[in-house]
Amino acid sequence: MKMPAPDQAVIARRREIVAALRRIVAADAVIDREDAMRVYEADGLTAYRQLPMIVVLPETTAEVAAVMRYCFDANVKVVARGAGTSLSGGALPLADGIVLGLARLNKILSVNYETRTATVQPGVTNLAVTQAVEHRGFYYAPDPSSQIACTIGGNIAENSGGVHCLKYGLTTNNVLGLEVVLITGEVVRLGGEMLEAEGYDLIGVLTGSEGLLGVVTEVTVRLLPKPEVARALLLGFPSSEQAGDCVAGVIGGGIIPAGMEMMDGPAIRAAEDFVHAGYPLDVEALLIVELDGPEAEVADLIARVEAIARHCGAVNVRASASDEERARFWAGRKAAFPAAGRLSPDYYVMDGTIPRKQLAHVLRRIAEMSETFGLRVANVFHAGDGNLHPLILYDANQPGELETAERFGAEILKLCVSVGGVLTGEHGVGVEKRDLMPVQYTEVDLDQQQRLKCAFDPHGLLNPGKMFPVLHRCAELGRMHVHGGQLPFPDLPRF
1077 MKMPAPDQAV IARRREIVAA LRRIVAADAV IDREDAMRVY EADGLTAYRQ LPMIVVLPET
1137 TAEVAAVMRY CFDANVKVVA RGAGTSLSGG ALPLADGIVL GLARLNKILS VNYETRTATV
1197 QPGVTNLAVT QAVEHRGFYY APDPSSQIAC TIGGNIAENS GGVHCLKYGL TTNNVLGLEV
1257 VLITGEVVRL GGEMLEAEGY DLIGVLTGSE GLLGVVTEVT VRLLPKPEVA RALLLGFPSS
1317 EQAGDCVAGV IGGGIIPAGM EMMDGPAIRA AEDFVHAGYP LDVEALLIVE LDGPEAEVAD
1377 LIARVEAIAR HCGAVNVRAS ASDEERARFW AGRKAAFPAA GRLSPDYYVM DGTIPRKQLA
1437 HVLRRIAEMS ETFGLRVANV FHAGDGNLHP LILYDANQPG ELETAERFGA EILKLCVSVG
1497 GVLTGEHGVG VEKRDLMPVQ YTEVDLDQQQ RLKCAFDPHG LLNPGKMFPV LHRCAELGRM
1557 HVHGGQLPFP DLPRF
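This note's numbering applies: residue 1077 is where the sequence shown begins, and numbers increase by one.
It is worth saying that the hints were derived from the structure and are not from the lab.
Do not rely on the hints blindly, as some may be mistaken.
[Claimed, not checked] Just the calculated beta-carbon pair ranges, DEER-fashion:
1) N1249 with E1552: 34 to 42 Å
2) R1440 with A1112: 44 to 52 Å
3) A1472 with R1441: 42 to 50 Å
4) Q1524 with R1440: 34 to 42 Å
5) G1213 with T1136: 31 to 39 Å
6) A1324 with T1136: 48 to 56 Å
7) D1523 with A1375: 27 to 35 Å
8) R1380 with E1552: 52 to 60 Å
9) G1369 with T1518: 42 to 50 Å
10) E1400 with G1213: 12 to 20 Å
Glycine included, each C-beta is placed from N, C-alpha and C at the ideal position.
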């Protein structure tokens, strides 16, 4: 079928925007050729694709501010993008909006060992922060599986976690300062190198806001000293229920591991085949439990965790004998997502969080759903904090399988909420979970969240179409009486 000819007014508008952006940044920093923009048409949720109108790649905060100011004045939508590793469609472009790529803001600006902080630009990769300071015995704690590629700016947008988030927290627990460009082009600095910032916790508001409130151009993160000793245990169980009981036993015993990860049989075998980490292949569930701290404390904790594991039915117990072996244990877990490619042509990565006590029940229900939907599942997750990552295996070349995988995934997320959990742990809402938000939140809850959005972005230009299933005019959200008056939201057109 012949495609309709582009509207001449749209073509003229696009040319006008391209010309304006090239007056702000270098000519080669504005990408408007279709073939060159293809690499930006999707993020890690590759089932959804959309070619952007234009891509612009600023190199400084001043350039970001100028681009944002222009977009505000010209009513141009903006989608900020880091490395594109988002798994919820958070960086999915818009046909009538620009992609603001931040990859060129990739410098580590300063490191202060006295305050144990580093200040970096958003395009710096997660792993690069640790690599820059490890020679002095420090590291940056949040470590997503994609840490070799994902950027600090993207970590802020999604409030990323990682295998060590149980003890050391998510991104929000490790960020002390932000420089943020608002849609108006105004540059705002929040916090700094101090442990606590005065006033409202706007850093907390912006961390995890998925690019809907502002664009981060500088981040000050907390550095931690490398622990004296770190050892990892591989604990193999005949069933996921027994492994889940072990998780509850460890946490219930007052032990907070640095990391506690779990994989089921299909994930174990795929990861071992991919990495050769030394995983046992005759078990149906594997826990990786890392303990760190002073040597005497770690030795005691290792013994206590081993005793709990054996009580719960562990048939394979192995402790790392060196840092190299511990790294191999973790290499298999961190490669679990790419390793799943050996199991199926395609897979859909889910992200939901549940109370730990519901682990065995939820895994049983996922297995039952697998039979119902006719699709296999490999389970990989942060067992310590209940953050599940079921990998739904499907073949996109088979008609209807993607849609079936999406329905399966939606049922898993509804299950998470029904047992007292939440829709996401670290991947964000994006477009993937947008229409499921009413499962967790009431209309009043969602309206209140959108009032916050309106306060930062009254025209709805920042990453529209993400997170909220229904968008309202800011004026509509302002029609609530406070002390006899209305909230002062301007009467703007629907976005």
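Evaluation of the provided hints:
1. N1249 with E1552: 34 to 42 Å: For N1249 and E1552 the Cβ distance comes to about 35 Å; the hint holds.
2. R1440 with A1112: 44 to 52 Å: 48 Å, holds
3. A1472 with R1441: 42 to 50 Å: Given range 42 to 50 Å: violated, Cβ gap about 25 Å.
4. Q1524 with R1440: 34 to 42 Å: 36 Å, holds
5. G1213 with T1136: 31 to 39 Å: Taking Cβ atoms as reference, G1213 and T1136 lie about 32 Å apart, which means the hint holds.
6. A1324 with T1136: 48 to 56 Å: 50 Å, holds
7. D1523 with A1375: 27 to 35 Å: 54 Å, violated
8. R1380 with E1552: 52 to 60 Å: Distance hint for R1380, E1552 holds at roughly 56 Å.
9. G1369 with T1518: 42 to 50 Å: 43 Å, holds
10. E1400 with G1213: 12 to 20 Å: Since E1400 and G1213 have Cβ atoms about 18 Å apart, the given range 12 to 20 Å holds.
In this structure, the earlier hints numbered 3, 7 are contradicted, and the remaining ones agree with it.
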